[in-house]
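J.: Given next are the chains, with one letter for each unit.
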Amino acid sequence: MQKKIPTRMGDGELVSISAGEIREDIQAATRDAARRAKIPALTPEEMEQLFDIIAEPSRAVSVISGQEVVVTDDGCSMSFYSGQDGGGVGISMSRLQAILTYERALAADTTSMGHSDYSFKPVKPIINFEMNEYYTASMMTTAPLLYGAQPNMGLYFQPDGPHKNPADLLPRGKIKEARNVQAAAAEQLRQDLVFVGKKLNTIGCEGLNFDTGGSAGDADFWAALQAVRDLKKAAPNMPVIMGGSGEFVLGMHGEVEFNGKQLAGMYPHEQAEMAKSAGASIYGVAIGTKTTESVAWNIARAATFVKAAVTAVDIPVHVNVGMGVGGVPMMEAPPIDSVTRASKSLVQIGKADGL
Amino acid sequence: MHIAHIFASGMGGIRTSGDLVAWMQLTKKMKIAEAKQYVAQKLGVEITDLVNEEVMRQLREDLGIGIITSVAGSPKGIRAKLKIAELLGVPINSVDLFKSQTGM
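Note that the protein sequences, when read in sequence, are chains W and V.
If you're matching positions, the first sequence starts at 84 in this note's numbering and goes up one per residue.
If you're matching positions, the second sequence starts at 589 in this note's numbering and goes up one per residue.
With the rest of the complex left out, here is chain W (with noise of 0.2 Å):
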């Protein structure tokens, strides 16, 4: 009888499987994201590396020494004062005392700070507090410090924004005017980018963080990449990071292009082109973990698209390893032996510039 292996599934739960069905899960799913975005599959050698990672009977791992990559965040010193559905832990603190934290007593490689809403829209109202408390925490920080948010263009559509909502118009067969409400709704959500984008500008932003940038699908996306190369003409001293939000760029309106390609249907290497051609300093690839299947299957697959995406582009590829991205386990408080077997996963067989 083989020997089982303590592993997890998507969704964390705890589960032996045996060194055979690990090594074809592996096989099956970088097979599936090849296929899917025509890209190169893991080779053997990467599987059986992968393979040895995940089968290591350490509870924590880490890369190999020398290998070590930089780790930005989004928003994670917010963790520190925001609740649950946040991902905070609620602790009574300022954000700049949050921000230090993070900066001093975990080491971060960057910082940063972002509205508690995190998305662009409702910080556009409150932009001048913004900007006096990233100011302020610039003033202190040694670290880069980025200011985060979602372009979230979800927000725009009612029952919470001025437009009509594509997700009643659709079903109601409705494409055109579907497709007309998204593109005015991804114009106001680019001006509103580049406003937010040029005020944070004026008091010495080191970085602004464009996260989860598609959301809303392919319009979504559309608006965050003009964005960046609209802030990178007005502000080309500020570095800009663009995140994605899933494995390929969801065809909610359809035929919106950018330089002459189609976005939707795009995958994380195709992503990553158009993010370094809009001028972007680094792209987040995010690539969602499916709960039903094992965390080398969830691994494996991510691994794939993310080497894919950072030999297509000459700009450094970070991986979104949050909850449920990135074959870290859906759940709340992602169990670390997983979330550590991802992270060296993603840099040694992936290759990612970051995290």
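There's no promise every hint is true.
[Claimed, not checked] What follows is a list of derived Cβ distance ranges for each label pair:
1. F278/W x I591/V: 32 to 40 Å
2. G149/W x G691/V: 21 to 29 Å
3. Q167/W x I635/V: 37 to 45 Å
4. D684/V x G169/W: 28 to 36 Å
5. G691/V x T285/W: 13 to 21 Å
6. T657/V x K87/W: 39 to 47 Å
7. A621/V x K207/W: 50 to 58 Å
[To be verified] 30 Å max Cα-Cα, derived DSBU-like pairs, lysine-lysine:
8. K207/W x K671/V
9. K434/W x K619/V
10. K259/W x K671/V
11. K207/W x K617/V
12. K315/W x K617/V
13. K282/W x K671/V
14. K616/V x K373/W
15. K619/V x K121/W
16. K315/W x K671/V
17. K316/W x K617/V
18. K687/V x K316/W
In case anyone wonders, no lab produced these hints; they're calculated from the structure.
The structure displayed is predicted, hence computed values, not measured ones.
All residues carry an ideal CB built from backbone N, CA and C; glycine is no exception.
Go by the hints and put chain V onto chain W.
T.: Then chain V, alone, in the frame of chain W:
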């Protein structure tokens, strides 16, 4: 979870040289290998020393680019970043604003 990633894969922030390598990725869009090589060359150390606390702790103090522990009077924050921008030869937005405000 952040701590797990920092432990498993991170460069160590201002304990070592993680912030410096991050500046190169942000300002010059360097891939990780190129960014490490650039920073190591500017610091005059081996690439392996970039994550070596035993080397980086003293070197950071000597260069005045900020250390992890709190020492009264030692550079941190914008004063450290001013030196980091000079050391690495990169534009840092907050530093440029500070310099313009102070007539530097």
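J.: Confirm or reject each hint.
T.: Taking the hints in turn, this is what the structure says about them:
no., hint, verdict
1, F278/W x I591/V: 32 to 40 Å, "holds, 35 Å"
2, G149/W x G691/V: 21 to 29 Å, "violated, 43 Å"
3, Q167/W x I635/V: 37 to 45 Å, "holds, 41 Å"
4, D684/V x G169/W: 28 to 36 Å, "holds, 32 Å"
5, G691/V x T285/W: 13 to 21 Å, "holds, 19 Å"
6, T657/V x K87/W: 39 to 47 Å, "holds, 46 Å"
7, A621/V x K207/W: 50 to 58 Å, "violated, 39 Å"
8, K207/W x K671/V, "violated, 33 Å"
9, K434/W x K619/V, "holds, 10 Å"
10, K259/W x K671/V, "violated, 55 Å"
11, K207/W x K617/V, "holds, 28 Å"
12, K315/W x K617/V, "holds, 13 Å"
13, K282/W x K671/V, "holds, 26 Å"
14, K616/V x K373/W, "violated, 35 Å"
15, K619/V x K121/W, "holds, 24 Å"
16, K315/W x K671/V, "holds, 25 Å"
17, K316/W x K617/V, "holds, 16 Å"
18, K687/V x K316/W, "holds, 22 Å"
In summary, the structure is inconsistent with hints 2, 7, 8, 10 and 14 from the numbered list given earlier, while agreeing with the others.
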